[in-house]
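Read top to bottom, the protein sequences are chains C and U. Numbering follows the working numbering, in which position 124 of the first sequence is assigned residue number 124; successive positions increment by one, without gaps. In the working numbering, each residue carries its 1-based index in the second sequence increased by 1000.
Do not rely on the hints blindly, as some may be mistaken.
[Claimed, not checked] Pulled from the structure, derived: some chain C residues nowhere near chain U, Cβ distances all over 10 Å: (1) ASN8; (2) ALA13; (3) THR33; (4) GLY34; (5) ASP74; (6) VAL120; (7) ALA187; (8) ALA192; (9) GLN243.
[Claimed, not checked] Simulated DEER-style distance windows between Cβ atoms: (10) C:GLY220 with U:ALA1062: 56 to 64 Å; (11) C:THR123 with U:SER1057: 49 to 57 Å; (12) C:ASP161 with U:SER1015: 39 to 47 Å; (13) U:ILE1088 with C:VAL253: 54 to 62 Å.
Hints in this document: simulated from the structure, not taken from any laboratory. Here a beta-carbon is modelled for each residue, glycine too, at the ideal position from N, C-alpha and C.
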Amino acid sequence: MSQADRLNPALQALALRRADDALVLGHRLSEWTGHAPMLEEEMALANLALDLIGQSRALYTLAAELEGAGRDEDALAYLRTEREYSNLLLLELPRGDFAVTIVRQFLYASFVDRWWRAGVASTDARLAAIAAKAEKETAYHVRHAAEWLIRLGDGTAESHDRAQHALDRLWAYTGEMFEPEDAALVAAGICADPPSLRAAWNQDVDAVLAAATLQRPRNGWMQTGGRQGQHTEHLGHMLAEMQHLQRSHPGAVW
Amino acid sequence: MTTPAIPLWEVFIRSRNGLSHRHVGSVHAADATMALQAARDVYTRRGEGLSIWVVPSASITASDPADKAMLFEPTASKIYRHPTFYDIPDEVGHM
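Just chain C, same shape as in the assembly:
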C-alpha cells in the first residue's frame, strides 16, 4: 500500500466535509430565490449558490471515487442522514434576514477563500484542480459579501443594527472553521491547516468591520460538533426538504 493510498480514507473524509459545507450553504442561499430584496441581488445570491453547489458536486465525486463503494455524488448528497453530514454548524443555520445571510457569507468566504487559495498548491492533483476553480469563485463571494456588509453596517440605523445583531449571533459559530484538519493530510501537503489561516482571517475581517462601523464581538465560547455529525436542530429540517424528492422517488431523474 503506497503512502497516498494510506491517506485515502482521510482524504475521503476531507472531501466529504468540504462538500457538505458547500452544499449546505449553497442550499441556504438558494432559499432566497423568489424572496430576495431586489432582482439584482436575487441573481447574485443564486450565482453564489450555484458556485457552491458546483464545488460540492466535484468534491462529492472525489469522495465517492475514494470511497469506492459504488455510491455517486447524488447518493452522498441525497441519501445520507443528518448525523452523517459533517458540515460546519455556521452554514446550516437558517438564512435569517438579509443581514444574517450577508454576515455569514462574509465570515465563511473570508476563511474558505484563503483555504482554497492554499489548496491550489495541494500535492493531491484532484484537490488542486478543484481548488483552482473554487478559489476564483470564493474570491468573488468575499468581495460581494464585504461590499454589502460595509453598506449595511455604514448604512441606515436599521441596517446597522441588523448587521451588528447578525454578527453578534453568528460569532460563536466562527471558531469551528479553525479546527485543525487531519494532521496526516496537512503533513503530506494535501491541504492547509485552518489554524494557520486565522491571523490573516482576523485581519481581513477587522478591516471590513472597521469600514462597516461594526463592533467585532469578543471571542467567547465557540460552538462545535458539526464535523462529528452533531448538528443544530435546523439541519434535519433542511435535509428533509432538500432530500424529499430523491427519497420519495428513488433514482428519479430529469
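Since chain C is already given, all that's left is putting chain U on it; use the hints.
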C-alpha cells in the same frame, strides 16, 4: 420591486477583445461598485463578458422622441450617403 431610492445604471459589456462595449440593459444599485457587481451577476452569467462599464442612467442625455421627424426623417431621402454605390476592389478585403 420598485425602489425609487436606488438609482438606475446602464450596463455596457465588451464580449471580446477588439469589439466595443455594447449596451445590454440596466440594473438598480446604490452606487457604482454595487452596480458593477449587479451587472456582473445579471448580465455575464453565460460567459458574455470580458469587461463591464456601468453609467448612471441619469447621466445620459437622450433625444426627444417628439423630435424624431426633424432629426431622422431628412436622412431617408439621401441614399447617396450609403456606401452601396461604390465598387470596392477585392484587395481591400472585408470592410
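Quick rundown of the hints versus the structure:
Distance check on ASN8 (chain C): its Cβ is at least 35 Å (rounded) from any Cβ of chain U, clearing the 10 Å threshold; non-interface status holds. With 10 Å as the threshold on Cβ separation, the claim that ALA13 (chain C) sits away from chain U holds: the shortest Cβ distance comes to roughly 34 Å. Listed as a non-interface residue, THR33 (chain C) keeps its Cβ farther than 10 Å from every Cβ of chain U; the least gap is roughly 13 Å. With a least beta-carbon separation of about 12 Å from chain U, GLY34 (chain C) lies farther than 10 Å from that chain, consistent with its non-interface assignment.
Remark: the non-interface label on ASP74 (chain C) is consistent with the geometry, its nearest Cβ contact in chain U lying 24 Å away (cut-off 10 Å). No beta-carbon of chain U comes within 10 Å of the beta-carbon of VAL120 (chain C); the shortest separation is about 22 Å. With a least CB separation of 39 Å from chain U, ALA187 (chain C) remains clear of the 10 Å interface cut-off, as annotated. Chain U leaves ALA192 (chain C) outside its interface by the beta-carbon criterion, the shortest separation being 28 Å against a cut-off of 10 Å.
With a least CB separation of 27 Å from chain U, GLN243 (chain C) remains clear of the 10 Å interface cut-off, as annotated. For the pair GLY220 (chain C) and ALA1062 (chain U), the supplied restraint of 56 to 64 Å holds, since their beta-carbon distance comes to about 57 Å. At roughly 51 Å, the beta carbons of THR123 (chain C) and SER1057 (chain U) sit within the given window of 49 to 57 Å. With their beta carbons about 43 Å apart, ASP161 (chain C) and SER1015 (chain U) fall inside the hinted range of 39 to 47 Å.
At about 56 Å, the beta-carbon gap between ILE1088 (chain U) and VAL253 (chain C) stays in the expected band of 54 to 62 Å.
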